[in-house]
Each structure stands twice: as structure tokens, then as C-alpha cells.
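Using the sequences and the hints given, assemble the complete structure.
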Amino acid sequence: MRQTLPVMFGYLPLGAAFGVLFTQLSLSPWLGLLMSLVILAGAGQFLVVALLGAGAGVTELAIATLLLNSRHLFYGLSLLERFRDAGIAKVYLIFGLTDETYSLLASLPRSGDRDDIHARREDQRLMLRITALNQLWWVLGTLMGLAAAQLNFDSNGIEFALTALFVVLGIEQWYALRERWPFVLGLAVTFTGLWILPNDQLLLGSIAGACLLLLGHYAVHKRRTAMASTHTPRSPHS
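Using my numbering, you'd call the opening residue of the sequence shown number 1194 and step up by one each time.
Worth flagging that the hints you see were computed from the coordinates, not collected in a lab.
The beta-carbon is built from N, C-alpha and C at its ideal position, and this holds for glycine as well.
Do not take every clue at face value.
Ranges of calculated distance between the beta carbons of each label pair, as one might list FRET restraints [as the list claims (entries may be wrong)]:
#1 L1218 to R1264: 18 to 28 Å
#2 L1301 to G1379: 18 to 28 Å
#3 A1421 to R1371: 14 to 24 Å
#4 V1284 to S1263: 13 to 23 Å
#5 P1302 to T1252: 39 to 49 Å
#6 V1284 to G1350: 36 to 46 Å
#7 L1301 to W1223: 27 to 37 Å
#8 W1223 to V1413: 45 to 55 Å
#9 N1392 to A1247: 14 to 24 Å
#10 R1373 to E1253: 35 to 45 Å
#11 L1333 to G1246: 19 to 29 Å
#12 R1314 to N1392: 43 to 53 Å
#13 G1363 to C1404: 16 to 26 Å
#14 V1231 to G1409: 15 to 25 Å
Right, here's the structure in full:
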């Protein structure tokens, strides 16, 4: 509960904003709640509201949501090891992997002994609780928005909660992670993207640029490690 509080303060107003916007469609408000329960796409749900309001079809919705949430492919790859022994719970952990949930899970300390089954299972139970609580905050926020829409709630400015949430999570990761260069890389790629990329290509372009730089760093680090191991003098007994 304590670890998900930053997400709660972001998800409640954001979920409420989604609920308010969904009531502007000519659809049953309960379909908005159903989306938060079985889709849980965050920004993707806002996109769906905009596209439905513009009269888009199912194909357009599927393609747009796939492109918007393509970043989750990279999230999943970095958590393969931690989800490996989660059993049937792995299905829900994958389903509930939003940006904010990934930020919290990636900041969790790993169990000291990778061969300790009990430690790994406790780690997975903790990840499951965090994921479930984060979805609960989003669902509660959606309910608040659906209810507030019936009271003519003024939602101007509520979308800024998303920016504030990412700032808080970024600060938490800065203190939780020992390496600082990924943050510097992220800032450099973002500002470069703002300078040379159009707004509609900024997200995917920044992700692609960051991935190329990270892969390059990994290749250089791997090469240096291999060269260092070949030049390390061996003991007479090796």
C-alpha cells in the first residue's frame, strides 16, 4: 500500500478524468468501467475515447492502441526473469503492466539468492499485490469520474496529474537505482527528439533512439568485459 501511494495520487484523478470524458460518448457509462477492468490501458483508454468520438472503427482502434502501447514490449523483456516462476499469476502480472506499475516493479530490490525459491515467490507475491492495488486505484478513479459527470464536475486541468505522477516516479527511481546514466540518456534523447522530430513522431522516435543507444552501450560493455577476461592472467592451477 505504501509503495503504491504515488500511483494512487495520480491514478485517482486520471481515472476520474477518463470517467468524465467517457460519459460524453453515446455509450453506457458502465462500458467505461468495464474498460478499466478488462483493458487497463491508461493513455490507450483516453485514445479510445477520442477515436470513438471521431467515429473510428475497430481496425483503427486496434492499430492506434498497438502503436501507442508498443513501448510495453520493452517493459516485458526486462521483467522476463522476474516473472519466470510466477505460475498462473504471470498472466495477470503481464496484463497489469502499466507504465507506473513497471516503474515500481523495476525499482524493487531483487531477492539476494536467485536459487532461493521462497525468496523468489515472496518477490512475486509482492509484485502481484502492487499490480492489483494499482489497478484498484485506476478503477476507483474511473468510478469517481462516472459519478462526478452526473454532478457537472469541472475537470479542467485534471490531466496535469499524469505529468506530476511521472515526475514523482522518476524521482523515486533516481534514489532507488544506483546507476544515473540512464536518466541522463533519457533526458538527452527527449530534448533531441523535441528538437528534430515532429510531435506525432516524438514518442516512437525517442523510444527507438534510446533503444539503439542502450544496445550500443551493451555491446561496448560486453566487448570490454570479454577483452578484460582474455587479458586476465590465469593462476597455475586453472
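Against the structure, the hints come out as follows:
Against the hinted window of 18 to 28 Å, the Cβ-Cβ separation of L1218 and R1264 comes to about 26 Å, which satisfies the hint. A hinted range of 18 to 28 Å holds for the C-beta pair L1301 and G1379, which are about 20 Å apart. For the pair A1421 and R1371, the beta carbons lie near 21 Å from each other, so the given range of 14 to 24 Å is met. Between V1284 and S1263 the beta carbons are some 20 Å apart, a value that agrees with the proposed interval 13 to 23 Å.
The hinted range of 39 to 49 Å is satisfied by P1302 and T1252, whose Cβ atoms lie roughly 43 Å apart. For V1284 paired with G1350, a C-beta distance near 37 Å keeps the hint of 36 to 46 Å intact. Taking 27 to 37 Å as the suggested C-beta distance range, the pair L1301 and W1223 conforms, at roughly 35 Å. At about 53 Å, the CB distance of W1223 to V1413 agrees with the hint of 45 to 55 Å.
The hinted window of 14 to 24 Å between N1392 and A1247 holds, with their beta carbons roughly 18 Å apart. Checked against the hint of 35 to 45 Å, the pair R1373 and E1253 passes, with Cβ atoms roughly 41 Å apart. Judged by the Cβ atoms, the range 19 to 29 Å given for L1333 and G1246 holds: they are separated by roughly 24 Å. Between R1314 and N1392 the beta carbons are some 45 Å apart, a value that agrees with the proposed interval 43 to 53 Å.
Distance hint check for G1363 and C1404: the Cβ-Cβ separation is about 19 Å, which falls inside the suggested range of 16 to 26 Å. V1231 and G1409 have their C-beta atoms about 39 Å apart, which leaves the hinted 15 to 25 Å range violated.
In summary, the one numbered hint that this structure violates is 14.
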